[in-house]
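K.L.:
Spelled out from the first residue to the last, the chains are:
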Amino acid sequence: MVRVLPGRRRRRLAWFPGWLIGMLAAILWAAPFLWMLSTSFKPTAQILTNNIHWLPQTFVLDNYRFVFRGPVSRWMLNSLITSFLGTLLGVMVGALAGYALARIQFRGRNAVFGLILASIMIPANLAVVPLYIAFLKIGLVNSYAAITLPLVANAVSVYIFRQFFLGLPDELEDAARIDGAGRWQMFIHVALPLARGPITASTIILFTANWNNYLWPLLITFSQNMYTLPVGVAQYSSASGNYTQINIYGPSMAAATLLCIPSLAIFLALQRYFIEGVARAGVKG
Amino acid sequence: MVALPALAQRRLARTELRQAGEGYSFALPFLLPFLVFTILPLAFGVLVSFTNWSIIGAPQWVGLHNYISALSNPLVRQAFLNTLRYVVLVVPVVTLLGLVFALYVNQRWPGHLFARVSFYASNVVSAPVIGLVWVWMLDAQFGIINHYLHTSIPWLTSTNWSWIGVSIATVWWDTGLIFVLFLAGLQEINGEILEAAKIDGAGPWRSLRRIVLPLLRRTFVLAITLEMISTFQIFSQVNVMTAGGPANSSASAMQYLYSAGIGQLQLGYASAIGVMLFVLTVIGTMIFRLLFRDKRW
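Protein chains in written order, with the numbering used here: chain A, -15 to 269; chain B, 536 to 832.
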């Protein structure tokens, strides 16, 4: 534990100003979410005004009604299906590859792992144009498969599983091997049931990566009813969206709220895994 | 060393072969999409950048034409300069804030769990949320930022301010990740070293400068590298907040690639911009790493 500032025992109140400034910063950092939520429940007259109230004076659902008049429930469905598929596939292939890289001695293993690690440092957006061309050429566009496939192979997820399986004691598998179990059985019956931590961590990472993805679905979906929620919600932007009208702020805050609820809910429920997973992958990667 | 008998050698070779089979069959479900969707596209993109690919008609080899026409286009030059401007503003601010937040949370004062959640939460939401929320908060007339600052700055609608408005939103989005990286780095520091320093009479600032920061060196390199890569690719928040406007003043390289390259199906041209951005990103991070390697503090 690092305590940089003087301990509480030495000077009783010396920590107080620092603590206060930090708390104010933390509140300030969360304030945009509160302002978004509050605005989404306000009638137009209370939004376009210089009279700032942090809570709605009258609490209305008009903005949400407006948003749901559009295809937002379809976008949610698309996002749920693609995120679910992408996460499921991603965790499965990540666990298999992480297991192989940790527990099977095979030629070329270090080279494969090096390539996967290096890819974390390659900006993903640069593959976008060539991928787009390839998907257009083979006609794989505007579909769930097109949205999901490029996100399945997630290097961070492989990394998390590899680190975990490296730490498993050999004795566990030796017992199974003596009983005549093959690789596959050892993986399914011995290694995988122990891997709840890395499964949770990579589920979180893959789900948020899929749910939040914006550029790729923006490119590869051509019709409104195939949009994912981020692409759809971005339509409320006055700069690049289609819903251009004078008071867009109420509906846009309602749409933004809908879009961030799942990521924030998962984060709040599983924040320990979130922070540890990201930190572990980052610091030792 | 005793040579292995022929039988044992053959058995060893067979084991090696079997393990290679097992290893690659376990890794294949990952490696296949990994190669097809991550590694190959990068190579393919370089090839395409030398053609006039545009979906309709067969692509033709045009040599350096895409690169020359991109570099001679003032809009492209501005987009790249804007990108550098974002990097120079956003990366130091995000790094500094992330470090300060991590030092604060790591004190474990009352409320540190709330602070940890608050500092990281904005990092888990999607780009359109960031964009829409800040377009509203930075509204020139009714925005809450101008209200509290008692100003009427046209944050997103003037050519002087638009890139600053986008940068503010980016800082809010990105700081959480850097904060978590620093927090993890701090938690790896052995508390006994600091205790010893304290006993030797080192004050808090001294032990921060002389012990904590040097021990965070690897975290600094990682955090700044990741933040540089992500800021060189800045796109989503630009597209949602300003779509590059007004008058190209907030356009980034990725934003230009998207609107002019992909939007008008000039895919060879878009690829050339992508390759240039990739090279710029690599050069940028290399320069940073070289500078950091020599620095003593």
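Hints in this document: simulated from the structure, not taken from any laboratory.
Worth double-checking, as some hints may not be accurate.
To be verified - Short, incomplete list of chain A residues facing chain B, as computed with Cβ under 10 Å:
(1) 23
(2) 27
(3) 32
(4) 69
(5) 72
(6) 74
(7) 90
(8) 207
Claimed, not checked - Far from chain A, some chain B residues (derived; all Cβ distances over 10 Å):
(9) 541
(10) 585
(11) 631
(12) 734
(13) 760
(14) 768
Said to hold, decoys possible - A few chain A residues that face chain B, going by a derived Cβ cut-off under 8 Å, partial list only:
(15) 4
(16) 114
(17) 128
(18) 181
(19) 183
Using N, Cα and C, we set each Cβ at its ideal position, and we do this for glycine too.
K.L.:
Could you work out which of the previously given hints the structure breaks and list their numbers from low to high?
P.N.:
2, 4, 5, 8, 13, 14, 15, 17, 18 and 19
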